[in-house]
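Asks: Residue numbers (numbering that gives the first Met the number 0), protein chains in the order written: chain A, 0 to 362; chain S, 0 to 197.
It is possible that part of the hints are untrue.
As the list claims (entries may be wrong) - Listed next, the stretches of chain S that the computed footprint assigns to chain A, with coverage defined by at least 3 CB atoms under 8 Å from CB atoms of chain A: (1) 17–26; (2) 48–60; (3) 134–147.
The hints are simulated quantities; they were obtained by calculation from the structure and are not laboratory data. Where a beta carbon is used, it is the ideal one built from N, C-alpha and C, also for glycine.
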Amino acid sequence: MSGDWTDERLEAAFAARAASTPSAPADLSASTTDALRAVSGRIASGWPRLATSLLGVTAVVVVALALARPLGSPGPTGSLPDGSRSAASSAAPGGSNSPGDATSDLATHPISVSQAIAVRDGGIDDRELAVAGYLSPSPIVYCPARFSTPNPTLLECPESFSWLMERDEQLQTRTGTGVSMGPPIGPAFHPSFALVTPPIRPTDGSELARNASVVLIGHFDDRRARLCRTQTETAIRCVDAFVVDRVAVLNGVTQPIATRFDNTRYDAASQSEVSVDPRSAVTEIDRLVQEQAPGDSILSRQLITGERLASVEPILSGTTFVRADLIWLVTTLHVGADGPVSRTWLIVDGSTSSIEVTASGAP
Amino acid sequence: MVDRHQMDERARRDPRIGPAIDRSLIDRARNGDLDAFESIVRARMDAVYRLTAAILGDEADARDAAQETFVAAWREIRRLREAERLDAWLQRIAVNAARQTLRSRGRRRVHEIPSSLIASVPDPVSAASTAPSDAAILDAALARLPVDQRAILVLHHLEGRPLADLAAILDVPIGTAKSRLFAARRALAAEIRAEESR
């Protein structure tokens, strides 16, 4: 070493540093095993059922693989809202996936918010999760102007006020001048409703909003997070956003596949927003997707103008797709070797083919 | 290349890693026995935490990285072909987890002050008249190095790993490990000089 920092002095400094290094906190092994059980519990409880329902004869092989995977004990502490299990298993109304398919199987066995948090904090994991909890409505508030590039994983005001909570906590309290809102005390995380319509309306504070009991299907570590640029140090990490692909259950009622419509455009002549009518029917869109992904089940659909496409698919900004009048985006549930994941399919309205949108774009 | 069995023999004797882990326990974990893997977690948590804490210098980050190490290890343990290499394999995962944690550190919302630092905050009066200790200078200098250089210095100087072990843990040839260690020491010397001149 240079100067008077001889090797001996350096070694002594390292030794002093080593002596002052603390032991692992007493609870770290326990919290790590909780995280492991949460991860393993998902694999054990969800994956074999999904495989058997989707893959028919080949499922024998897949289930054998799944059973060979680590099977853990039941998940860590964490409670599910009343009725979330039975509600999700009830017969699906029209337009939903048929009972027994991958989506229904996933929603029938939701995990708790704290189990989902353990998955989120357990490393990069974008598997599709069904999470049961209580959803707090976001308030109608005045937010600072946003200069960030839109991204489904970027949760700023007002999305940062919305929580999926383990317990039914009332976040709003009435004050002398109106309503104030604080964060939950128990386990909670922020869901992103950039791809699906939020199941409850924002509250304007005229009355205390009620939380909704929900089962949300979605994922952390969304592929779009790597294109996300937060503007402030206090922003929510984009990889931590739970991107909702489907509202499976709302207040005990199983929800059908929903289509989010964002097909209005400003018309300079009438100086108003006008609706752009699609040429493709929903059934045709579903058929095109299922041709490409026969084993997948549809989670949700969006109809969006080309000019707004980049707000939900930032990777496609600058492509010719943004010049299309209307684009359909369909999210499907795919069960692969690593468990259930979501996939996105793009169809230019009126065309006859679908292409998959991935982290590297669309071919 | 590296004599890995020699390395593992040293690792088994090294009290800093922890007690030897029974081969059958590792085999059971590789076959999906979570209880067996949890025994490994308990036996190696101290060693993994010490390594991540030494690299990251922050208790909260070290905690995250240690937990991430075992979650990643559980996902990958079926790919561990030689049970004898468990410790080197865990250390490699821990270095990667520390690297990942450091990358996301800047985006963390809440910065936690580790309790060990609170306990060791010097009295301002006495601090004014006392030069920083070599360990404090080393801490400050290490903190400014890239995580890969920190990792190789910590593994070599703190964990006492010889070059052959470094090569095995980092999965590089010995020559590469040697040149990386040399570069890391040179960078550390520069940072120490800068720290002393403050």
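Asks: Give a verdict on every hint.
Replies: Going through the hints against the structure:
no.	hint	verdict
1	17–26	violated (count 0)
2	48–60	holds (count 5)
3	134–147	holds (count 4)
Of the hints listed earlier, the one the structure fails to meet is number 1.
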